[in-house]
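Engineer: Residues per chain, in single letters:
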Amino acid sequence: MPCKNQLSKMKKFKSLQYIISALLLSVSLWSCQESENPDLNETGEMIVKFDNYVGNRPLVLDPTGSTNYRYTLPNGQEFNITRFGYYISHIKLEGPNGEVFVDPMLASAAEIKGYYRVDQSDPSTFEIRLKDIPAGQYNKISFNLGVKEDGIVEGAVAGILDRAAGGWFWNWNSGFIHYMFEGHSPASERVQGELRNRIRLHLGGWKNISPTDGTPQRFFDNNVTISLPFDATVRVNKTMRPSPHIHMDALQVIGQANFAIDNNIHTPLEGRPFAQRLSDAFVVDHTHQ
Amino acid sequence: MIEIKNKKGGWILWSTSLFFILLIIGCSQAPEAPVLDRYQFEKPSHFPEPTYTFRNNQVHEKGFKLGRRLFNDPTLSRDGSVSCSSCHLQSHAFADTWLHPMSIGVDGREGKRNAPPLLNLAFHKEFFWDGGVTHLDFTPILAFENEVEMDIEFPEVVARIQRHPEYPRLFKEAFDVDEVTGPFVLHALSQFMLLMVSADSKYDRYIKGDSKALTSLELDGLKLFRQHCESCHQEPLFTDLSYRNNGAQRTITDFGREIVTERMQDRGKFKVPSLRNIEVTSPYMHNARFETLRQVLDHYTDGVTEQVTIDPKVFANGKPVIVLSSDEKEKIIAFLKTLTDPGFLSNPIFFNTND
Numbered sequence: 375m376p377c378k379n380q381l382s383k384m385k386k387f388k389s390l391q392y393i394i395s396a397l398l399l400s401v402s403l404w405s406c407q408e409s410e411n412p413d414l415n416e417t418g419e420m421i422v423k424f425d426n427y428v429g430n431r432p433l434v435l436d437p438t439g440s441t442n443y444r445y446t447l448p449n450g451q452e453f454n455i456t457r458f459g460y461y462i463s464h465i466k467l468e469g470p471n472g473e474v475f476v477d478p479m480l481a482s483a484a485e486i487k488g489y490y491r492v493d494q495s496d497p498s499t500f501e502i503r504l505k506d507i508p509a510g511q512y513n514k515i516s517f518n519l520g521v522k523e524d525g526i527v528e529g530a531v532a533g534i535l536d537r538a539a540g541g542w543f544w545n546w547n548s549g550f551i552h553y554m555f556e557g558h559s560p561a562s563e564r565v566q567g568e569l570r571n572r573i574r575l576h577l578g579g580w581k582n583i584s585p586t587d588g589t590p591q592r593f594f595d596n597n598v599t600i601s602l603p604f605d606a607t608v609r610v611n612k613t614m615r616p617s618p619h620i621h622m623d624a625l626q627v628i629g630q631a632n633f634a635i636d637n638n639i640h641t642p643l644e645g646r647p648f649a650q651r652l653s654d655a656f657v658v659d660h661t662h663q
Numbered sequence: 039m040i041e042i043k044n045k046k047g048g049w050i051l052w053s054t055s056l057f058f059i060l061l062i063i064g065c066s067q068a069p070e071a072p073v074l075d076r077y078q079f080e081k082p083s084h085f086p087e088p089t090y091t092f093r094n095n096q097v098h099e100k101g102f103k104l105g106r107r108l109f110n111d112p113t114l115s116r117d118g119s120v121s122c123s124s125c126h127l128q129s130h131a132f133a134d135t136w137l138h139p140m141s142i143g144v145d146g147r148e149g150k151r152n153a154p155p156l157l158n159l160a161f162h163k164e165f166f167w168d169g170g171v172t173h174l175d176f177t178p179i180l181a182f183e184n185e186v187e188m189d190i191e192f193p194e195v196v197a198r199i200q201r202h203p204e205y206p207r208l209f210k211e212a213f214d215v216d217e218v219t220g221p222f223v224l225h226a227l228s229q230f231m232l233l234m235v236s237a238d239s240k241y242d243r244y245i246k247g248d249s250k251a252l253t254s255l256e257l258d259g260l261k262l263f264r265q266h267c268e269s270c271h272q273e274p275l276f277t278d279l280s281y282r283n284n285g286a287q288r289t290i291t292d293f294g295r296e297i298v299t300e301r302m303q304d305r306g307k308f309k310v311p312s313l314r315n316i317e318v319t320s321p322y323m324h325n326a327r328f329e330t331l332r333q334v335l336d337h338y339t340d341g342v343t344e345q346v347t348i349d350p351k352v353f354a355n356g357k358p359v360i361v362l363s364s365d366e367k368e369k370i371i372a373f374l375k376t377l378t379d380p381g382f383l384s385n386p387i388f389f390n391t392n393d
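Line by line, the protein sequences are chains D and C. Residues 375 to 663, numbered by this note's numbering, are exactly what the first sequence covers, in order. Residues 39 to 393, numbered by this note's numbering, are exactly what the second sequence covers, in order.
Pulled out of the complex, with its shape left as it was, chain C reads as follows (with noise of 0.2 Å):
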């Protein structure tokens, strides 16, 4: 046994010990996170590569933060009444609530379809129903100028920026420009946007290994997701990207992609929406038409009908294709609700605050 009393030997232990008290915290912390930094973009590593221009536009916080205030900001709609964050509410994972089906504008105005949630957006190239906008930049823009959105054009929500005692120094901090122009508010709003990651629920924990964050029954409804939705609802993102009619509409008004493609193909086919946070999302559809999950199950099973653009997938053969028994509905509704991420859907970061 060896007995330390002096002080070169008090020194040695003290430095030996620091020494593996810094490499037990250096290995703790290097496999998990690096850097904790809460304003990076960081892939989830279970996601494909982002498609977003990040060689454009890295996150950083003070854009991240200016994104996040504009995006709260009503003075930027025509009469000052409706911000990004009137219809898009953090607990409803960036959807409306259930209470706006389809979403109030300006004077009141109400929009033709149904807020989308906005998630996982640094992994799409086509945004909104029908994928006409082709980057995330430009989505503010159709926001902005829609007549029953914020119905303001573009131009004047840079010039209200500009006249602001605030926002032209905030610029200067977070890009370094003497004066406020239109592709940086677009950065701006795309940084705020683009942490929007939810990638943590409990069917996140089970793909990365932890067995246990899901029950029997939520398994069993994942394997059912997997026999009877996946082909479309792909994971990780839970879609895959692609326009479809899943006969959402009894008759066909609202010709959602082939109004930006022009091809009759097209007619009442919308983008596959992410079932990710579906639980927060209700109603569902573009266009808004069912409250609750079953009633969507049901409408595969049961309430799909022949149409002239109906997905083969959905109904084929003069029926429709998905058949699930009651059970297996209650089983894959129980695995939709492991989509939940309540570290999204709480994530301090996205607050409204000018911090």
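Extracted from the complex, chain D is given alone in its bound form (with noise of 0.2 Å):
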């Protein structure tokens, strides 16, 4: 009796067994099937880097209320900046060979993604990290300057487009301010409380409502879409992470404005022309692999 029950336990454990690794047999050959194919799910990171100039020097900023004054325009107005900085989102990159990455997009009371904000204050804003890009080959980028509808529609939102915690809002016509230079010009004699010499140039507005009954325009909207292609085709992977350094040059935005006139800017049509200029103010100088 003890001999024959040792046998049948002993089968009970042969078959077991049998079960046993015939489930770890096809485990493994499914975790097989999966490392196959490794580039399907591999992901990898981008940084990118902007990096904000006047003409061709550094943009720095002066305390409010400076008077030395670093930059020249082209008419010969003398300024500095006090605050500047601008609104991203909406990011897509695109490879060679038909890779795309968007970066996600939320806005909610509890969590924003894909919104960032350059803001010259604060150097750990002028880096974006990009995450999850599927792995390949990358040469182009392109970005919203400005916060869109999406933004704006689902009413109060978390981080840089709360208000309470310092994002850029119009609160008498609701929305961004995609683009914010404020600084000061001998040329300007705005005064604003008890600042002198006075730039202001905010330039915001989200929305095209276009009447029907043949009456121009009502708002304008302001956010622009900018592509740029690389300068060179760079590899993303698990290991690699490249980073596209993006120039953008204030210059550009100012383009013809006299301070003179041009200093206190707080409206979608105002902002309009500067805005039109945006596209050409930024510019893939280098990328490194």
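For the record, the hints were derived by calculation from the structure and aren't laboratory data. Fair warning: there could be bad hints in the mix.
[As the list claims (entries may be wrong)] Below, computed lysine-lysine pairings styled on PhoX-like, alpha-carbon distance capped at 25 Å:
#, chain 1, residue 1, chain 2, residue 2
1, C, Lys250, C, Lys81
2, D, Lys487, D, Lys505
3, D, Lys487, D, Lys423
4, C, Lys163, D, Lys581
5, C, Lys351, C, Lys367
6, C, Lys210, D, Lys487
[What the hints assert, rightly or not] Far from chain D by the CB rule (all over 12 Å, computed), these chain C residues:
#, residue
7, Ser129
8, Glu183
9, Pro386
No residue lacks a Cβ here, since even glycine has one placed at the ideal position from N, Cα and C.
Two chains, two frames, a set of hints: combine them into the complex.
Structural biologist: Written out as structure tokens, the structure reads:
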């Protein structure tokens, strides 16, 4: 009896062994299948760096009220910059072999995704880290300069779009200041409270309303899509994290403006000529593989 | 005849009657009000779909009550003197009293436009007289930051709430957030304002089938209203949400809608106000020019003059479009008073209490 019992136990044990090995085999086969196509799920990162310039000189902030005028317009007017930055959203990468990466967007009260703000007073904002990019080659980046309708119609949202957290938000004409330029110029006689020689260029506007009664358009959408080819094709994978460096030249945005007159821009229509020059201000200067 | 005497029979009778009682209760409640949650947004059956983004901010009791407390809290103005409720009083459909044709902000500063009533805001897409604010959530920011209203930067409002002994706990309970941030402050205030639904006036009862809700005088008024006023004050909201110059300014000094659209075609235009609860929201127009409804109707028939952007529905061919006899005006006014919603004006859920 004990012998028989042992036998049956052994039999059971053997069948258990079979089951386990079959399971292990299928699991390993299944995992093999996974590793046969490593590229399918491999992702990597890219760091997009923004370097701001005034002409060929790095953009440096001066304290509000400063009379140290570092820069000069083509018309000879001197100026400095006391606050500067811009919103970036809807980033997209494209590659020569059909690679596409679209940075996910989300706007809610608890969190936002895909909205960035390059703020000259905070160097940590000069680099945008893109994650979960499918491994592959890339040679083009495009993004929206500003905050489009999708960042406004959801109502109150978090992060850099939260007015309470310093979001650049127009309270009287709902929308965000896409591109912020503040400073002083002796050419400007504009006074803002205690501050003299003020220049404030706040570029915003996110909708075009075209009436059907033949009267002119109301409101102006000053969002601008900026598409920039890289100077070289870069490779993204688990270990390679390339970094395109984008140069932004504020002089291009100011264009032929005259700070004696154009020193207080706060509405979509006033900002329109400046916004139309935005895409000329950005260029991919170089790329680190 | 069946006589039930034994225990078993008694049980049958008991359970059967219970069944029918439950059935009756169930039946009588089901069609009218399935679950009575006073803090839930319910679209009135005769209203259009709301435009508010409820997907991001569903109204619930804790959020509503938190919003109510913020709405009544004067410490959220620069010098602690003015709350939202200072200029938006429930008894006046959340407009200001007639004593303040222009509302009084901090330091006794006088506003530039008449404080509008707050009602049925879930159905509006643009806010304030010029419609510059495009989402209900954003409306408090302008009231906080306007120097003639509460004159406080919104970041400072949120900082004060963060430092408050009770608010952080209430935000945690209402929104499950560890830190009070701007969007949740705005969501709480929106929740409070979203329940300001006025849809139970005598007019509404008439529309929903109670043919006796309106007197024959009021019905005459409704007929005249539909003939002369409806094209702008569209039912059931009693506004078509458009912007028009009705000649309220003798000379245009407040550019109104033009300030936000930046087109002179919109000079002196203001949002067509709802007429619900109009009986208790005197004075009228953005500039509080008229104290009585009769003065308003007299303006439309006799006071409107040629202006660059005057609305063709009130002035055309060199004269006012609307022609009404004195009798007809009284009938229209009688009808307008049927838009008063006593249940809304005295609904205790809006009372200033910290319960």
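Engineer: Taking the closest pair, is the beta carbon of C:Glu183 still more than 12 Å from chain D?
Structural biologist: 5 Å, violated
Engineer: Is the nearest Cβ of chain D still more than 12 Å from the Cβ of C:Ser129?
Structural biologist: 28 Å, holds
Engineer: Please verify that the nearest CB of chain D lies beyond 12 Å from C:Pro386's CB.
Structural biologist: 28 Å, holds
Engineer: Just to be careful, I want the Cα atoms of C:Lys163 and D:Lys581 compared with a cutoff of 25 Å; is the pair within it?
Structural biologist: 14 Å, holds
Engineer: With the threshold set at 25 Å, check whether the alpha-carbon distance from D:Lys487 to D:Lys505 stays at or below it.
Structural biologist: Since the Cα atoms of D:Lys487 and D:Lys505 sit roughly 12 Å apart, the hinted pair holds (cutoff 25 Å).
Engineer: Is C:Lys210 within 25 Å of D:Lys487, Cα to Cα?
Structural biologist: 23 Å, holds
Engineer: Given the hint that D:Lys487 pairs with D:Lys423, test it: the Cα-Cα distance must not exceed 25 Å.
Structural biologist: 18 Å, holds
Engineer: Given the hinted pair C:Lys351 and C:Lys367, is their alpha-carbon gap at most 25 Å?
Structural biologist: Answer holds: C:Lys351 to C:Lys367 is near 18 Å, not above 25 Å.
Engineer: Tell me if the straight-line CA distance from C:Lys250 to C:Lys81 falls inside 25 Å.
Structural biologist: Cα-Cα ~24 Å, so holds.
In this structure, the one hint that does not hold is number 8.
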